[in-house]
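Participant: Sequence:
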Amino acid sequence: MSMSMPEQNPAVTVAQSAALGLIGSFPGMGVLTGAVQGAFAAKARARDEDFWAMVNARVGALERDLDRVLAWDDNEFVAAAHRIARAAQETADEAKRRILAAALAHSGSWSELPWDEREFLLDIVVDLNAREVYLLGFLHDPREWLTNRGVDPNLIAGNNLPGSIADLIRTRVAGDALSFDQAEDAIDGLQRRGLADVPLRTQMSGSGPLAKRTTALGDRVLRFVGDAVTPQRGDTGSA
1 MSMSMPEQNP
11 AVTVAQSAAL
21 GLIGSFPGMG
31 VLTGAVQGAF
41 AAKARARDED
51 FWAMVNARVG
61 ALERDLDRVL
71 AWDDNEFVAA
81 AHRIARAAQE
91 TADEAKRRIL
101 AAALAHSGSW
111 SELPWDEREF
121 LLDIVVDLNA
131 REVYLLGFLH
141 DPREWLTNRG
151 VDPNLIAGNN
161 LPGSIADLIR
171 TRVAGDALSF
181 DQAEDAIDGL
191 QRRGLADVPL
201 RTQMSGSGPL
211 AKRTTALGDR
221 VLRFVGDAVT
231 PQRGDTGSA
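If you number the sequence shown the way the working numbering does, the last residue is 239 and the count never jumps.
Hints are supplied without guarantee of correctness; some may be wrong.
[Claimed, not checked] No farther apart than 16 Å at their CA atoms in a straight line, the calculated lysine to aspartate or glutamate pairs in the EDC-like style are these: (1) Lys-212 to Asp-197; (2) Lys-43 to Asp-73; (3) Lys-43 to Glu-117.
[Stated by the list, open to error] Pair by pair, the computed Cβ-Cβ distance ranges are: (4) Leu-155 to Leu-70: 40 to 46 Å; (5) Arg-47 to Gly-194: 28 to 34 Å; (6) Gln-37 to Ala-57: 26 to 32 Å; (7) Gly-60 to Gly-194: 39 to 45 Å; (8) Ser-205 to Ser-179: 22 to 28 Å; (9) Gly-208 to Ala-53: 22 to 28 Å; (10) Asn-148 to Gly-206: 53 to 59 Å.
What the hints contain is simulated information worked out from the structure, not anything from laboratory work. Each residue gets a CB set at the ideal place from its N, CA and C atoms; glycine is no exception.
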């Protein structure tokens, strides 16, 4: 079911009012407020429309999978939407916004998860940044992750030389868009939240570095956000 944007989003209105009030407090800015207000409102609405288009696409995919029409006025969906939409407004990271859209699509009463568990997982997803979710996807199944990127994991597993997960991340995961230091920080964040258990620098042989490292909670988070862990061109990978 397609969803149209509401004519007035209360969260956007509050944010606009606060920002414009701050702008107007600076000397000499009063004459610019009208122009700033128009530009701010237009950009905020465009960002909201982009986000809801992502949610709409996710819900549409679920409708096809479940072979049923999902109600946008579902109480549990609307309750989750208030929090997730605000989180989406507060980040400039498109990868994080896609993750939030995926989580929202799974937050209605049609979810296989009970309401209290969805609330619990939402708290975690809102708090995670895109890098952490991206690394969580890698740590869940390093073999599949590498295979999907054209790397044969058997070549790594067949190497009897000692190596570590840190070595694997440095050579196969980190790159132009993600430095090793950023990956290490993300893994630290995952471990603090109990989503992964990663002996990062322990020397292993064979397929040791390719073993699954996510916890049961980490697996539940991944199921909640689905394939939104895959980055796209233009992602910043920031919070």
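Participant: Work down the list of hints and note, for each, if the structure agrees.
Facilitator: Against the structure, the hints:
Distance hint between Lys-212 and Asp-197 is fulfilled; the C-alpha atoms sit about 9 Å from each other, no more than 16 Å. Our distance criterion of 16 Å between C-alpha atoms is broken by Lys-43 and Asp-73, whose separation comes to about 26 Å. At roughly 34 Å between alpha-carbon atoms, Lys-43 and Glu-117 are farther apart than 16 Å, so this suggested pair is violated. Separation of Leu-155 from Leu-70 is about 44 Å and conforms to the stated range, judged on CB atoms against 40 to 46 Å.
Separated by about 32 Å at the C-beta atoms, Arg-47 and Gly-194 satisfy the suggested range of 28 to 34 Å. Distance hint for Gln-37 and Ala-57: a CB-CB separation of about 31 Å, consistent with the stated range 26 to 32 Å. Separated by about 33 Å at the C-beta atoms, Gly-60 and Gly-194 break the suggested range of 39 to 45 Å. Checked against the hint of 22 to 28 Å, the pair Ser-205 and Ser-179 passes, with Cβ atoms roughly 27 Å apart.
At about 43 Å, the CB distance of Gly-208 to Ala-53 disagrees with the hint of 22 to 28 Å. Look at Asn-148 against Gly-206: about 22 Å separates their beta carbons, and that is not inside 53 to 59 Å.
Violation of the numbered hints given earlier is confined to hints 2, 3, 7, 9 and 10; the remaining hints are satisfied by the structure.
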